[in-house]
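Same order as they appear, the protein sequences are chains A, B and C. Per full-length UniProt numbering, the first sequence starts with residue 1, numbered consecutively. Per full-length UniProt numbering, the second sequence starts with residue 1, numbered consecutively. Per full-length UniProt numbering, the third sequence starts with residue 1, numbered consecutively.
Watch out, some of these pointers could steer you wrong.
As the list claims (entries may be wrong) - Computed far set for chain C versus chain A, every beta-carbon distance over 10 Å:
(1) Ser-36
(2) Gly-42
(3) Leu-65
(4) Val-96
(5) Ser-102
(6) Thr-110
(7) Ile-116
(8) Arg-308
(9) Arg-311
Claimed, not checked - Taking CB as the label site, the calculated pair distances span:
(10) Asp-170/B - Gly-166/C: 45 to 53 Å
(11) Gly-87/C - Leu-254/B: 48 to 56 Å
(12) Pro-198/B - Val-132/C: 35 to 43 Å
(13) Ser-165/C - Met-1/A: 22 to 30 Å
(14) Asp-152/C - Ser-73/A: 28 to 36 Å
For the record, the hints were derived by calculation from the structure and aren't laboratory data. Cβ coordinates follow ideal geometry from the N, Cα and C atoms, glycine included.
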Amino acid sequence: MRRIIIRRLLQIIPLILGVIVLNFMLIHLAPGSLFDVMTSEQQVTDPAMLDQLRHTYGVDQPTSVQLAKYIWSVMRLDLGFSYRQNAPVLDVILEQLPSTVILMLSATGIALLVGITAGVLASVKVNTIWDNLISLGAVFFFAAPSFWLGIMMTVLFAVKLGWFPVGGMRTIGSDQGTFGDALDVMHHLVLPATALGLFYAATYARVMRASMLEVFRLDFVRTARAKGLSRSRVVISHVMRNALLPIVTLLGLQLGTILGGSVVIEAVFSWPGIGSLLFDSVMSRNFPMVLGVLVLGSLLVAVSNAAVDLIYLRLDPRIRAR
Amino acid sequence: MLSLTIDFARRFARNRAALVGFALVILVIGVALAAPWLFPRNPLRIVGKPEIWPFVSSRYPLGTDSLGRDIAAMIAYGARTTLLIGVCASLTATIIGISVGATAAYFGGWVDELLMRFTELFQTIPNLIFVLTIVAILGQKIEYVTIAVGIVTWTPIARLTRAEFMSLRDREFVQACRAMGMGNLRIMFGEILPNALPPVIVLSSLVIAGAVLFESAVSFLGLGDPNVSSWGRLIGDGRTLIRSSWYICAVPGLAIMLTVLALNLVGDGLNDALNPKLRDR
Amino acid sequence: MAAIALAPSAPLLEIDKLEVSLFTRRGVLPAIDGLSLTVSAGETLAIVGESGCGKSLAALSVMRLLPEPPAKIVGGAIRFMGRDLAGLSDREMQRVRGKDISMIFQDPMTSLNPVITIGDQLIEAIRCHADVSRKEASNRAVEMLRRVRIPDAERRLNDYPHQMSGGMSQRVMIAMAIACGPKLLIADEPTTALDVTIQAQILDLMKDVQTDTGMGLIIITHDLGVVAETADRVVVMYAGRKVEEAPVEGLFERPLHRYTRGLLGATPSAQRQGDRLVEITGSVPALENLPTGCAFQNRCPDAFDRCRAERPVLKPLLPHRTAACFAAEEELSRDVAAIGS
């Protein structure tokens, strides 16, 4: 088991290497010299500093050496320096990371809770009005852009009804201790997390429904009924256990999309995370920051993917045997 | 072949949701094509009082935005942008996906291994972040947005093509072609691909829906082409006015949702019609 | 055992004119038509027939586990120890399943949940009907595994189904089925999916358990070897109907219905062990277009006009035996005439 875990974690390395190489290629594909753009955008004029930067990015050396240098510096977690924030790129990103992770986790949590509940309900009441309503809802939320849902929810629940704040992560100037602060963040979190999560909830509902119906037809469900288990017990401990496996796979595949989605949602709700940072950096053409977010975001997805795979291993003993 | 097509069409037509989707897609295409005829003047032109609500003025059925531009005209022209980018991005994704998937499956071995790792790489990179990075570096042009969206959406197509190719690769007709001394490329694209294509096309139609959503997010963030009218951008422009005139956001959002919904329904319908056995479940 | 006092003749299970229909797009099809049978405590009844004859549906009807839709009980009664099972609420029926009547299925490899350990599945079955702690249930699970002769029972509790062979899985299924001491065990093709060498072991095991507990046993099979080895009495089904019923020796000695004869390979005195079904020419008529008259007429070597015009009903033709066959009736009356003259 430990060997499997280590092997899975080792698989992350070539992926990240690939991302770094891709990054490097992007820099070189850019029209004109990206270096010039970077320095002029960031208003670096001091010749000494220009020289230092030129050296950091190795502009004065052949491409292969540049690539090796770039890989080496990223490996040492040196993602460059951001003059806008006047701090190393890594530090800025790590500072913003927790709020994005909170948003992603909450959105995923909502998606799983709503999606699985709806999917199970639809499968248990298959071909009834419940099933139809859930399927209809899933079709709609599967098609609605999350940022638009966010805005519409803001209009209704924040502007008209005043139940939730319009944006931000904390009420400015409030000091209510740790617990009060956590509540305050949660209050701010409801709308963005729901807006981001509903699309995935729709996906999970559809997949869960299909997967439940598939499992219902399997022999062991009949065995469980024959033992004398109640219908709900059979659904929960036998059908759902098996039907959840595709959801776990899907979760792993969609992590990157959820991180991407949080970029837009953060922009809608002025949520101070990686997304807002990326948006600002793209707007101000702060490329070291943009590329840094791309590398770290990929790393985050790769690691979470490995974690999801290991969870899958835990859930499905048949895979473990292989 | 003809009877097969008719059979396919009949199965598709039996699916009521797919028909509704099909009708909606036709409607959107119709509006996009008719836009210059319906609204002959530049849609970004100011035509009247700002912030007229929908269904109030008969001249501006969907109202006007904060500057006094006709929302209906912008929606109609936006349909052109949205569909164009959606279809072209999906085409890009399909070309990349088929090339990668077909090569991986046909040659197998280390080629397959390498290309699948490559595919995995693109699945790992957070897709919207990648799109924004590309657009930020290359510039805010409609071509770049299209290519960027294509680059982040090809992976499922590659996987499906690979699976289809795998199942066809060792069939007798392929071996016959090999025995006849046909070249690899000719076997791959002339013989195997036509057989593998139907499910891939269905997936491509679903990718259009995804591409429309991506494009809308990019232009919502203000990173789309500033010279064209697009639904995402309309929402982005209207955002500041949600307290007074939230309809400016609501209308284009509904347009996006209905278009994506319609494309999904058509895709699902095509899928069901391709796999009639699955439908009875 | 807190057994309810039964009159010696009162059967454990009595199926009375059971009718099950399949509600399909092609219409309502009679999958089981007027099936009656009884099983007593300690007795083994075999239900024999080709696939699609309704034997499995009959078993599932007793458990009230018919796949609904399309199948549904539309008539008749199923009495277990005098109680009509069809009239029970879902909750009451849950208390019957696994506790009073248990069932094991054809394919043991797919009948166990792949993501739950053997131990947990056994414990679940035990705690479902007995108010015991997990520890006690676990002990009882080990005891049950030993009883079905699974070596190294404690360790096996933590195994997953894919780690076991087909034979072992079927033993686990049996252990699970008898864990709560049922009075009736229904085994639906219990050995079909297993290797020949394992088949005999599983049958022996079931007979042993029956001897220990005195439970009634219904074995559903198309394998006449299984019938010869285990059954006391045999019910032969064809196209949803019972066509013959007989004690096992009598059946092998002199099958009456022409279908039974076909099953036995047309050799009336075949009592060789391990006799398999010999292909009968022709095919079972589809339920949606059963012919008037006998359903077997198109495949019957002895069919005559009456068989095509009139449906034969079950008649007691010999002591303890019934059959629904005009050809058999004719034959027997000729025999009687021959003796009389």
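Here is what the structure says about each hint:
no.: 1; hint: Ser-36; verdict: holds, 23 Å
no.: 2; hint: Gly-42; verdict: holds, 22 Å
no.: 3; hint: Leu-65; verdict: violated, 6 Å
no.: 4; hint: Val-96; verdict: violated, 7 Å
no.: 5; hint: Ser-102; verdict: violated, 7 Å
no.: 6; hint: Thr-110; verdict: violated, 4 Å
no.: 7; hint: Ile-116; verdict: violated, 7 Å
no.: 8; hint: Arg-308; verdict: holds, 39 Å
no.: 9; hint: Arg-311; verdict: holds, 33 Å
no.: 10; hint: Asp-170/B - Gly-166/C: 45 to 53 Å; verdict: violated, 31 Å
no.: 11; hint: Gly-87/C - Leu-254/B: 48 to 56 Å; verdict: holds, 54 Å
no.: 12; hint: Pro-198/B - Val-132/C: 35 to 43 Å; verdict: violated, 57 Å
no.: 13; hint: Ser-165/C - Met-1/A: 22 to 30 Å; verdict: holds, 24 Å
no.: 14; hint: Asp-152/C - Ser-73/A: 28 to 36 Å; verdict: violated, 57 Å
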